[in-house]
Structure formats: C-alpha cells, structure tokens
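Every letter in the sequence shown is one number past the one before it in numbering that gives the first Met the number 0, and letter 89, counting from 1, is 88.
In short, the hints are calculated from the structure, not lab data. Wrong hints could be hidden among the right ones.
Beta-carbon label-pair distances, calculated as ranges [claimed, not checked]: (1) Lys268 x Gly170: 52 to 58 Å; (2) Trp205 x Leu117: 18 to 24 Å; (3) Trp240 x Pro114: 36 to 42 Å; (4) Glu115 x Gln264: 22 to 28 Å; (5) Val153 x Asp13: 37 to 43 Å; (6) Phe262 x Arg145: 28 to 34 Å; (7) Ala233 x Phe262: 28 to 34 Å; (8) Trp205 x Thr141: 19 to 25 Å; (9) Glu115 x Leu201: 24 to 30 Å; (10) Met104 x Trp240: 25 to 31 Å; (11) Leu117 x Leu22: 36 to 42 Å; (12) Cys77 x Gln264: 44 to 50 Å; (13) Thr149 x Cys77: 35 to 41 Å; (14) Ile148 x Trp205: 22 to 28 Å.
Restricting the straight-line Cα-Cα distance to at most 27 Å, the calculated cross-link-like pairs of lysine-lysine (DSS-like) are [to be verified]: (15) Lys140 x Lys41; (16) Lys41 x Lys118; (17) Lys268 x Lys41; (18) Lys268 x Lys42; (19) Lys118 x Lys42; (20) Lys140 x Lys118; (21) Lys140 x Lys42.
All residues carry an ideal CB built from backbone N, CA and C; glycine is no exception.
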Amino acid sequence: MLAPGHGKCHVEHDTLTSVFTALLLLGLIASYLPQHWRIISKKSSEGFSPWFLLLGSTSSASVMLNVVALQWGVIKCCSVVSAGSCVESLGGVAQVALTWFLFTMILVLYMIYFPEHLKYSEVDISTRADAPPMHLQTTVKTDEWRLAITLSWVVAFHIVLIIFVTFLLIGTNASRRTLELWTGFLGMFSACLAVVQYLPQLLYTWNTRLVGALSIPMMCIQTPGAILMVTSIAIRPDTNWTSWAPFAVAGVMQGILLVMCLFWQQRQKDLGVDEFGRPLSADAAGHVPQETSPLLGSSQ
Numbered sequence: 000m001l002a003p004g005h006g007k008c009h010v011e012h013d014t015l016t017s018v019f020t021a022l023l024l025l026g027l028i029a030s031y032l033p034q035h036w037r038i039i040s041k042k043s044s045e046g047f048s049p050w051f052l053l054l055g056s057t058s059s060a061s062v063m064l065n066v067v068a069l070q071w072g073v074i075k076c077c078s079v080v081s082a083g084s085c086v087e088s089l090g091g092v093a094q095v096a097l098t099w100f101l102f103t104m105i106l107v108l109y110m111i112y113f114p115e116h117l118k119y120s121e122v123d124i125s126t127r128a129d130a131p132p133m134h135l136q137t138t139v140k141t142d143e144w145r146l147a148i149t150l151s152w153v154v155a156f157h158i159v160l161i162i163f164v165t166f167l168l169i170g171t172n173a174s175r176r177t178l179e180l181w182t183g184f185l186g187m188f189s190a191c192l193a194v195v196q197y198l199p200q201l202l203y204t205w206n207t208r209l210v211g212a213l214s215i216p217m218m219c220i221q222t223p224g225a226i227l228m229v230t231s232i233a234i235r236p237d238t239n240w241t242s243w244a245p246f247a248v249a250g251v252m253q254g255i256l257l258v259m260c261l262f263w264q265q266r267q268k269d270l271g272v273d274e275f276g277r278p279l280s281a282d283a284a285g286h287v288p289q290e291t292s293p294l295l296g297s298s299q
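Based on the provided sequences and hints, a complete structural model is requested.
Here it is, written out as structure tokens:
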C-alpha cells in the first residue's frame with residue numbers, strides 16, 4: 000500500500016492485504032450476479048421498492064466519494080510509483096466504486112425490466128351487460144412508474160452533484176479541515192441513508208408477503224460479507240469510521256431483510272405460489288391456494 004505523508008509517497012507492500020482485497024472484489028461481483036441474473040431471467044423487477052434503490056444508490060455513491068476524497072493523497076501517489084504499487088494501494092477505492100456500480104446496475108435493470116402491466120393505468124369497459132368488462136391499457140402512467148422515473152433522475156443528479164463538489168474542493172486545494180467536513184458529511188449522510196434505505200424495502204416485502212425479484216443467494220453472501228468489507232476499508236490509510244460505518248449499518252439491515260425473505264419463501268411453498276404470488280400447479284405445489292388466502296398486501 001501507499002502511505003502519503005509530508006509530500007512523499009512511501010511504498011508499503013502488504014501481500015496479505017492485497018490478496019484479501021482481490022478476493023473481496025471477486026466476492027462482491029459474485030454476490031451481485033445472482034440478483035442481476037434473477038431480474039434478467041425473470042424479465043421482471045417486481046418486488047423492489049424504488050425508494051430502496053434510490054437510497055441505496057445515493058448511499059453507495061456518497062461513501063464512494065468519501066473514500067476517494069480521503070484517499071486522494073494515495074491516488075496522487077500513483078503518478079510517481081509503479082503500476083503494481085498503484086493498483087495495490089487503490090484497493091479501498093476499488094471496493095467502494097465496485098459496490099456503487101453493481102448496486103446502481105440493479106436500479107438500471109429495475110427500470111429496464113419494470114413490469115409492463117404496472118407502467119400504465121387500465122380502465123374497464125363493458126360492451127354488454129351479460130359479458131365481463133374488457134381491460135384496456137391507457138397511456139396514463141401509473142403512480143409507481145412515475146415515481147420510478149423521478150427517483151432515477153434524482154439518483155443521476157445526486158451523483159453529478161457530489162462528484163462536482165468533491166473535485167471542486169480537491170482541485171482548488173481546499174483546506175484539510177474543509178475536506179474533512181465534506182467527507183464527514185458524505186459518510187454520515189451515507190450511513191443515515193443506509194438505515195433509511197432498507198425501511199421501504201422491509202415494509203414493501205412485509206406487506207406483499209412475497210420475495211419477488213429479490214435474490215436470497217445475494218443476501219446470503221453479502222450479509223456476512225459486510226464484516227469483511229468493514230474490515231478491509233478500516234485498515235486503509237487515511238480512512239475513518241465515516242468510511243466503513245455505512246457498510247456496517249447496511250449489513251445489519253440486510254440481515255433483517257434476509258430473515259424476512261426466508262420466512263416468506265417458506266410461506267410461498269406452503270401456499271403453492273411462486274415468488275410473485277402466481278399459483279403453481281397442484282401437482283408441483285401439493286395444493287392450490289384459496290382465493291381468500293392473503294397473498295398480496297395493499298401495495299400490490
């Protein structure tokens with residue numbers, strides 16, 4: 000690793016830390032792939048709360064810029080050291096940047112695979128008194144689809160804004176105190192968002208009583224993996240508790256969501272429905288749920 004100090008860059012090779020970081024990066028990719036693939040294979044992102052994705056994207060972006068700003072001295076050292084030493088020293092930046100990218104990809108897939116039947120409002124038209132009404136789709140966007148579009152723009156505006164402010168402070172050689180205040184704000188903001196982030200998803204999943212497009216394998220990997228993430232960032236030079244606190248909070252909240260999803264998954268099997276509440280065949284499920292079974296919450 001690189002340890003900048005007094006205008007000089009000290010190269011400190013740490014093979015164990017480098018291997019640990021490399022494995023953690025591979026683990027991050029492996030943990031998110033099941034979620035990405037689940038949305039793509041199901042061709043549906045139903046089951047996600049758009050607020051969860053907004054808060055998660057902004058939280059991960061904030062902590063990414065927190066680490067970038069705090070380790071800017073390490074990043075600048077890359078201009079005077081070998082490529083290998085540079086790559087080794089940027090493990091912390093790579094971790095938070097990769098986390099932001101992989102989570103934001105869930106938001107992108109959420110928009111791409113947003114269920115068509117939830118995008119536009121439907122009206123019932125009766126042609127005959129003795130015939131069931133016809134369901135016709137209008138061009139009026141549903142509240143959920145409008146919310147998803149609006150929150151996506153908020154995410155884009157947020158990342159542009161914090162990148163601009165961060166590099167403005169760095170580029171103008173702002174005082175260390177000013178930079179510490181900004182990075183402290185980013186870290187605290189990210190930690191608060193990490194807490195609030197999971198509340199909409201927990202409520203949404205609790206109300207629907209369905210797993211939906213959420214990936215249980217991803218959560219099984221990431222929940223204990225949060226401990227490794229916190230440890231890896233904490234040992235990096237120039238980082239502080241505001242850099243790793245968001246990951247600690249997110250790990251706890253994700254663990255709660257995981258337990259809830261495991262409970263609802265078992266309930267789905269008992270009721271004979273799939274992750275989206277659609278009845279399975281009687282042969283596969285053992286029985287077909289009754290119409291009175293409370294499959295969906297009020298939000299569906």
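What's the verdict on Lys268 and Lys41, does the C-alpha distance respect the 27 Å limit or exceed it? holds, 18 Å
Does Lys42 sit within 27 Å of Lys118, going by the straight-line distance between their CA atoms? Distance of about 14 Å is within 27 Å: holds.
Given a hinted range of 35 to 41 Å, is it respected by the beta-carbon distance of Thr149 and Cys77? Roughly 39 Å apart at Cβ, these two residues keep to the hinted range, so it holds.
Confirm or reject the claim that Trp240 and Pro114 have a C-beta distance inside 36 to 42 Å. Holds: the Cβ-Cβ distance is about 40 Å, inside 36 to 42 Å.
Compare the distance between the alpha carbons of Lys140 and Lys42 with 27 Å, and conclude whether the hinted pair is satisfied. The hint holds at about 20 Å.
Range hint 44 to 50 Å: satisfied by the CB atoms of Cys77 and Gln264? Holds - the Cβ-Cβ distance for Cys77 and Gln264, about 46 Å, lies within 44 to 50 Å.
Do the Cβ positions of Glu115 and Gln264 conform to the proposed distance bound of 22 to 28 Å? Roughly 26 Å apart at Cβ, these two residues keep to the hinted range, so it holds.
Lys140 and Lys118: Cα distance at most 27 Å? holds, 6 Å
Given a hint of 19 to 25 Å, does the C-beta separation of Trp205 and Thr141 actually sit inside it? 22 Å Cβ-Cβ, so the 19 to 25 Å window holds.
Taking the Cβ atom of Lys268 and the Cβ atom of Gly170, is their distance within the range 52 to 58 Å? holds, 56 Å
Quick check on a hinted range of 28 to 34 Å for Phe262 and Arg145, using CB atoms only. holds, 32 Å
So does Ile148 sit 22 to 28 Å from Trp205, Cβ to Cβ? holds, 25 Å
When the structure is compared with the earlier hints, no violation turns up for any of them.
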